[in-house]
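Colleague: Sequence:
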Amino acid sequence: MTRVDQFARVLVDAPGLPPLDYRVPEDMLAATGDLVLVSLGARRVVGVIAELHSASDIESRRLKSILKNLRITAPLGSEWLQLTRFAASYYIRSWGEAALPVIPLALRRAPTPQQEKRMAGIRNVMPKTDACPKSRVTSPKLNDEQRTAVNAVLSQKGFASFLLFGVTGSGKTEVYLHLMEEVLRGNPEAQVLLLVPEINLTPQLVGRVRARFPEEAVAALNSEFTDRERAAAWLAAHEGQARILVGTRMAIFASMRHLRLILVDEEHDHSYKAGDGLRYSARDLAVWRASRLQCPVVLGSATPSLESWAKAQSGAYKLLTLTKRAAQHAQLPTVVLTPPPIKGARSMITEVSREAVESCLAEGRQILVFLNRRGYSPVLSCPACEWVSTCARCSAFTVYHKRENALICHHCGWRRPVPEACPQCGNVDILPRGTGTERIEEDLALLFPGKRILRIDRDSASKKHAAEEAFRKVHQGEVDILVGTQMVAKGHDFQNVGLVLVLNPDAQILSPSTRAREQLFATLMQVAGRAGRTGERGRVMIQTRFPEDPLFAALAHQNYVEFAEDALRERKENAGVPFIHQALLTAEADMLSQSLGFLEAAADAAQNICGDSVLVYDPVPMPLVRLMNRERGQLLVESSDRMALHRFLVEWSSVLMKLPKPGKITWALEVDPLEA
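Take full-length UniProt numbering: the last position of the sequence shown gets the number 676, and nothing is skipped along the way.
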């Protein structure tokens, strides 16, 4: 019997292209979700079969055939295809642009004669279940609030979004672990996804999960891993070998056929929003994915995003609250505001702060000094002619890194050696202006000789596993004073930190960014929460010129609710997010006039289709105008009606594809931007 001609719609990673039709060769077995090799123009690329059918809109004789079915693993499931299709639709990309890049590179390379050897190597690093399980770590007894939270989630039939709002140290992670335990115990095939915001948090949490579930294969997924390691974790989750996956935002796209619970730790963190490519929010996709799977999703934070808090207040999310610290006798730290040093002082650490550090050291406790600025100083300057060190490729200062004797741009990575004299006037007395973590580390070594001082930031922890080793030293008591940036502010369960010293929060208070205060409050609450997590009460000292600011009053009482209600009231009065929905069109070119010219044409086109429901602003230069020798502009559109905005964006994006683009213009459309 002759087989009916079979055709496949294949997703490929190409801007603007819908699924493409290909003929399935008569001798090929194919299924929806298979990875296949196809011809795309002059290239051979890997795609995903999105649909099989027996007829084609194009004459079959004109169709190319699929070159090869890779058969690397079982086909990708319909739930994963639906997830990527929704992400493509919501974030205004082609389906292939959403689906292919989230598959690990090692699995979507065009096959070679070494493919089987490569796949064997990948499978060798897949997480294995212990043949002889180690002793299981005993589950700590939950307090009443934790038990109430766990029971609320477990009693939910089908989908619900929970916001787990708990003060720092209240045991949110223990709630996650108990939920995982119950879900996995109740279903031998069930899988759990735990999302974390930062790469440096993953090893600590994975270790804790593995200790709790020694009989399970636990996979970890983040961008620090090699292509082979990422592929191994992804395959382990896809094939059901790993029932627990812990990962950063990329893990939301992991194929998990039996996913029954999604947990999002530190849900407020901006790391969940991708900054390039498909500019998705892993937190928001977690909620959508759970709704499709009809399973619960738990968003946890001591400082929820204002968007999530508003949804909890409206009833869209179910609010679960933990008001006290989980460790017995642990109390929230006291917060003390103190003036910063006078202008021209040699050190950012005042006498009052120095005495507090000495007192804490005398008690045998650790100190965390927090400054969210790495490097030795933000800029070098010449007092004679006012020259300042700037990047050759960006409209930004270059940061002075003393140990490397280099000026480095933190935006593009451009660097140059520190000049021996001012390049402009020849003055040899060029000076550092401002202070970064490297300089604070140096000051502390002079103030407290003999003390073990450790700095953790992106410079000191740039090598693989460096952050993991640094945090191990802190936990093992091998560090007296820890200096760090945001890397040390959240998620770490430091047992012996008695004092947190916060330097220079004022720069963010004065920032024009609409989210600056929200970010600062979250950061200060998180870093303050590292103190006094067990035993004696901790202290938080904040050096600020604005002690009367309401933000500090809410912080002193550890009162997120007070801060959030004030912030939401202000947002509502000013028609800001979450009471408005936004999209941001950015363009870059060799010259700013070209970028703005494209955006002006885009604005004109928008006016023809926006109607009364969408507001189109004027194009403006981006805050960082030049980046990597490209000049950048932006155009904001917004609406109080999300569906109206989406309909507009779909039509507008098709128009943007057709606009002239002189000067090698590139553009990107971002839905729900963090900064607008």
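Hint data in this document are derived by calculation from the structure and do not stem from the laboratory. A hint or two may mislead.
Claimed, not checked - No more than 16 Å apart at the CA atoms, straight line, and that leaves these computed lysine to aspartate or glutamate pairs for EDC-like:
{"#": "1", "residue 1": "K451", "residue 2": "E358"}
{"#": "2", "residue 1": "K402", "residue 2": "E358"}
{"#": "3", "residue 1": "K464", "residue 2": "E229"}
Claimed, not checked - Label pairs and their computed distance ranges (CB to CB):
{"#": "4", "residue 1": "P621", "residue 2": "Q424", "range": "53 to 59 Å"}
{"#": "5", "residue 1": "S654", "residue 2": "V418", "range": "47 to 53 Å"}
{"#": "6", "residue 1": "K572", "residue 2": "R292", "range": "56 to 62 Å"}
{"#": "7", "residue 1": "L154", "residue 2": "E224", "range": "31 to 37 Å"}
Keep in mind the model is a prediction, meaning the values are calculated, not measured. By construction, the Cβ of each residue, glycine as well, lies at the ideal position given by its N, Cα and C atoms.
Colleague: Decide, hint by hint, whether the structure agrees.
Modeller: Checked hints:
1. Taken as a hint, the K451 and E358 pair is honoured in the structure, with Cα atoms around 11 Å apart against an allowance of 16 Å.
2. The hinted pair formed by K402 and E358 fails the criterion: a straight-line CA distance of about 27 Å is larger than 16 Å.
3. Our distance criterion of 16 Å between C-alpha atoms is met by K464 and E229, whose separation comes to about 13 Å.
4. Our hint of 53 to 59 Å for P621 and Q424 is violated, since their Cβ atoms are close to 26 Å apart.
5. Range check, S654 to V418: Cβ separation about 50 Å, and the 47 to 53 Å hint holds.
6. With their beta carbons about 31 Å apart, K572 and R292 fall outside the hinted range of 56 to 62 Å.
7. Evaluation of the 31 to 37 Å hint for L154 and E224 yields a pass: the beta carbon distance comes to about 33 Å.
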